[in-house]
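Visitor: Single-letter residue listing:
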Amino acid sequence: MTVESTTTPTVPSGTAPVLVAEGVTKRFGGLVALSDVSLEVPHRSIVGLVGPNGAGKSTLFAVLSGLLRPDKGAVELGGVDVTGHSPQKRARRGLARTFQQPELFLSLNVREHLVLAHRMRYERNRLWRDMFDVRATIRKNADEDAHVDGLLKQLGLTSIAHTSVASLPLGTSRLVEVGRALASSPSVLLLDEPLSGLDARESEQLAGILSKIVRQGDQDVSLLFVEHDVATVLALSDTIYVLDFGEVIASGLPDEIRASEAVKAAYLGVPATDEAEGEVSS
Amino acid sequence: MLQYVIAGLVLGGIYAIASSGLVITYVSSGILNFAFGALAYFIARLYYYLLVTQNMGIVVSAILSIVVAGPLIGVALYFALFRFLRLSSPLIKVVATLGLLVSIPALATVIFGSGAILKAPGLAPEPVHVYNVAGVAVTLDQVIVYICVVLIVVLGALIMKKTDVGLKVRAMVDSPAMTELSGTNPGAVSVGVWAVSMFFAGLAGVLAAPIIGLDPGNFTLLVAAAFAAVVAARLRSLPIAVAVGLAMGVATSLIQYFLPTSSNWTTEVIDAVPFAFIAVFVVYHLFRKRDLSESQRVGGALDSAITPQGESQMAGAAGGDLQGSSLGFIGRYGGPIVLIAIASLLPLIVEGLWVGLMAQAFAYAIIFLSFTMVTGEGGMIWLCEITFAGLGGLITAQLATSHGWPVLLAVLAGGLIVLPIGLLVGLLTIRLGGLYVALITLTFGLLVENLVFTLGMFTNGGLGANVNRPAWASTDLQFCYLALAVFAIIALFIMNLRRSTTGLAMSAVRWSEPGAKTLGVSTVGMKIMIAGLASFVAAIGGGFLVTAQTSAQPAEFSTFIGVIWLAVLVTFGVRSNTAALLAGISYALFPAITLAYLPSWTVQIPTLLFGLGAIGVAKFPNGTLAQNGEIFRGWLLKRAGKKAQAEPGSLAPPEGPPSEPQPPARLGVSS
Numbered sequence: 001m002t003v004e005s006t007t008t009p010t011v012p013s014g015t016a017p018v019l020v021a022e023g024v025t026k027r028f029g030g031l032v033a034l035s036d037v038s039l040e041v042p043h044r045s046i047v048g049l050v051g052p053n054g055a056g057k058s059t060l061f062a063v064l065s066g067l068l069r070p071d072k073g074a075v076e077l078g079g080v081d082v083t084g085h086s087p088q089k090r091a092r093r094g095l096a097r098t099f100q101q102p103e104l105f106l107s108l109n110v111r112e113h114l115v116l117a118h119r120m121r122y123e124r125n126r127l128w129r130d131m132f133d134v135r136a137t138i139r140k141n142a143d144e145d146a147h148v149d150g151l152l153k154q155l156g157l158t159s160i161a162h163t164s165v166a167s168l169p170l171g172t173s174r175l176v177e178v179g180r181a182l183a184s185s186p187s188v189l190l191l192d193e194p195l196s197g198l199d200a201r202e203s204e205q206l207a208g209i210l211s212k213i214v215r216q217g218d219q220d221v222s223l224l225f226v227e228h229d230v231a232t233v234l235a236l237s238d239t240i241y242v243l244d245f246g247e248v249i250a251s252g253l254p255d256e257i258r259a260s261e262a263v264k265a266a267y268l269g270v271p272a273t274d275e276a277e278g279e280v281s282s
Numbered sequence: 001m002l003q004y005v006i007a008g009l010v011l012g013g014i015y016a017i018a019s020s021g022l023v024i025t026y027v028s029s030g031i032l033n034f035a036f037g038a039l040a041y042f043i044a045r046l047y048y049y050l051l052v053t054q055n056m057g058i059v060v061s062a063i064l065s066i067v068v069a070g071p072l073i074g075v076a077l078y079f080a081l082f083r084f085l086r087l088s089s090p091l092i093k094v095v096a097t098l099g100l101l102v103s104i105p106a107l108a109t110v111i112f113g114s115g116a117i118l119k120a121p122g123l124a125p126e127p128v129h130v131y132n133v134a135g136v137a138v139t140l141d142q143v144i145v146y147i148c149v150v151l152i153v154v155l156g157a158l159i160m161k162k163t164d165v166g167l168k169v170r171a172m173v174d175s176p177a178m179t180e181l182s183g184t185n186p187g188a189v190s191v192g193v194w195a196v197s198m199f200f201a202g203l204a205g206v207l208a209a210p211i212i213g214l215d216p217g218n219f220t221l222l223v224a225a226a227f228a229a230v231v232a233a234r235l236r237s238l239p240i241a242v243a244v245g246l247a248m249g250v251a252t253s254l255i256q257y258f259l260p261t262s263s264n265w266t267t268e269v270i271d272a273v274p275f276a277f278i279a280v281f282v283v284y285h286l287f288r289k290r291d292l293s294e295s296q297r298v299g300g301a302l303d304s305a306i307t308p309q310g311e312s313q314m315a316g317a318a319g320g321d322l323q324g325s326s327l328g329f330i331g332r333y334g335g336p337i338v339l340i341a342i343a344s345l346l347p348l349i350v351e352g353l354w355v356g357l358m359a360q361a362f363a364y365a366i367i368f369l370s371f372t373m374v375t376g377e378g379g380m381i382w383l384c385e386i387t388f389a390g391l392g393g394l395i396t397a398q399l400a401t402s403h404g405w406p407v408l409l410a411v412l413a414g415g416l417i418v419l420p421i422g423l424l425v426g427l428l429t430i431r432l433g434g435l436y437v438a439l440i441t442l443t444f445g446l447l448v449e450n451l452v453f454t455l456g457m458f459t460n461g462g463l464g465a466n467v468n469r470p471a472w473a474s475t476d477l478q479f480c481y482l483a484l485a486v487f488a489i490i491a492l493f494i495m496n497l498r499r500s501t502t503g504l505a506m507s508a509v510r511w512s513e514p515g516a517k518t519l520g521v522s523t524v525g526m527k528i529m530i531a532g533l534a535s536f537v538a539a540i541g542g543g544f545l546v547t548a549q550t551s552a553q554p555a556e557f558s559t560f561i562g563v564i565w566l567a568v569l570v571t572f573g574v575r576s577n578t579a580a581l582l583a584g585i586s587y588a589l590f591p592a593i594t595l596a597y598l599p600s601w602t603v604q605i606p607t608l609l610f611g612l613g614a615i616g617v618a619k620f621p622n623g624t625l626a627q628n629g630e631i632f633r634g635w636l637l638k639r640a641g642k643k644a645q646a647e648p649g650s651l652a653p654p655e656g657p658p659s660e661p662q663p664p665a666r667l668g669v670s671s
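In order, the protein sequences belong to chains Y and G. Under this note's numbering, the first residue of the first sequence is numbered 1, with each subsequent residue one higher. Under this note's numbering, the first residue of the second sequence is numbered 1, with each subsequent residue one higher.
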């Protein structure tokens, strides 16, 4: 697959990473889902997270987004320790995410998803004020319309903007989730298997859109995404982390990951040599 | 004291049998059968009919009712109702069983005749033989209860652990989908489980009848008490349910031993004990950070994977095609406007006592709007809205009559006093799943009913309190339109709420809490807000109801009646303001029409129909009004489509980029 602009990331030198996980450990009873996991998402970059099923990717996303509290370790967002913060607080600090199984609001239409996300970011006071204001539902907000309609157009959702999400196929539901996440103008976007359920052409389009938003968009946004399609991850990412059995077994540039024996071992079941593992683990 | 322990073991044994029946159907089908008490009553009433009226003898009557009729009812209910509920939301499951709870006693009255039977025979022949055990009198009826409990525990354990049938049932509990893939028919297992559960219901009913009489209210109360054991077992563990059931019976009996027999409060406190147990168990589980949501309910990973998000949800997803602007104002609002106009003109058309009933109908409609908010919009199953209405009504009466407040100010004060109570209940139930919320709010309602509504200041020796209407709205007709105006204001508020940012956030919380949280929506804040608003509206409605009736009687706000209210509303549609209005009118007028114009045996027909309507949510989750509205809008759209074909260009689908996915056509719902 071809993806736009996979060249050098535009990370400003000296800019602190927007999202950092430091030594995160998460246990469920006797099961260690994450063990001392550390990763960084640099400013305006795309970071891929790969690993076999059960490696702990979704658990890590839950910890990063605040849905799970780590047993050990810390999470920093924009330089602030948010380890004890709720998902709501993290969202207000600019973190947005999508889910492996789309978590849509089935009584809302496509546009309403984006409108709600936009308002939660820019007009939070409307959450409590609007119910007493009969004009609120008819009053136009040019900024909101421009932002929401622009995103709908960018994602190719304009013609189904007023369609209930309950009737959408899986691939389109994922696009709506991505749109909803982007509508909150996040500084970090976590995408959990965004391409799953899309056909090859749709995957290519979405990957291109995400790449464009991060690298050429007006907004400062970084991307951390989980994806099983390793080819896409290698093509799209600036940096890649590989998880296996809850541990980071490799991290580095796409070419380094491609050559990593540890990664091949994790995916193919071939034992890795200590030497090979040491070459790419940071 | 030994006498009390022995008596407590009898009560506990009946709790244990009932909780066993509740647990096995929950673990195998995800349905907590709120109608278990009503079904136990029905089978016990059948036993009484066969034994006393038909004089068939104990053995034949017991076999026909408990062994034959009970399981047959279970099988029939499975095929007619429960098999359709497997993938439904907890809300629909609860409402459908509440429909049964409402309709079964009414059906029993239609079949067997009315009137509570205070003294009913058990399984022991009359006169009941009394044994002397260590100086304590033990009746044969009590011995039979002990034997039944032991048999159920021993046989149950053997069947579950040692037989092929037990293996299949346990497999179903873990994963119905995997069980089916392994070649077992889950339907056949479910039929068996429902048959056994109804056998337990019949047994519990017949064993309990000599103790509590044959009264449907007592049976519902008994099984509501058994819910404490089910909550302790977190809905799943049979041994814990049996053990807690037994322990609770003994504890209740011992508390009775220590309380003064002369106190008026003793009976109320005894009745409230199981509900206090429920509250204690929920707090205990929450303190231990145990999961009390339905996410850990039935099935495994495969079952979760094949269950689509929001499948069969009540008040479900609004389809875009018919909800959109293509139908225009008339298409969307024409039906409700016509219905509201007719309802508004009714007080002018009818005469005499019917005008007064219309005033009550509009007051009921205000109360029903509280269900529209908390259940329709919030998606929370609250069974104590009637308690808030009762508190509002009783506070209104106290302030207006005893303290001389202007009645409308008293109504408002009642709403404001109840508001924090609603907020508190909302806060306490915030971490609970839908079923537990239903159980806790039911418990709260029964506790208030037993401990607060029985206070002398409210009952006034059975006379209640008189409430005078405001001078400028003293006639039935004037008060009718006052109540209708208040209904309209609250309905408009709900309409605005639904379309506002608040409404969007409420929908978000309702459909996906993780999704809402990661968007920055406070799920706690939204839920508490809707709980508070709904309790306020219920209390205002309660104030208007007692003012319409010009008297406040606590007995009119019993929790069981609240279940009927919910059944009436969901029959029409739990998300629709128009449905609330029609439900209010139906609830106020149908029984009166039956009494005035139909034979006496039909008096239970309205209740039966309301119950059947609630059962109908299994088929029409959004209620009959929304269903018919959907058909009407579909007809309009079809007509518009034909017109569009004749006039190319109009109502043409919007053009999108060629790559865009096109959603499948789907009928939608709006209210």
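I should point out that these hints are in silico values taken from the structure, not numbers from a laboratory. Some hints here could point you the wrong way.
Said to hold, decoys possible - Selected chain G positions facing chain Y (in silico; Cβ < 7 angstroms): (1) Arg83; (2) Arg86; (3) Leu87; (4) Ser114; (5) Ala116; (6) Ala137; (7) Pro260; (8) Thr261; (9) Ser263; (10) Met495; (11) Asn496; (12) Thr501; (13) Thr502; (14) Leu504; (15) Trp511; (16) Thr518.
Where a beta carbon is used, it is the ideal one built from N, C-alpha and C, also for glycine.
Visitor: Could you tell me which of the hints above the structure violates, numbers in ascending order?
Guide: 1, 2, 3, 4, 5, 6, 7, 8, 9, 10
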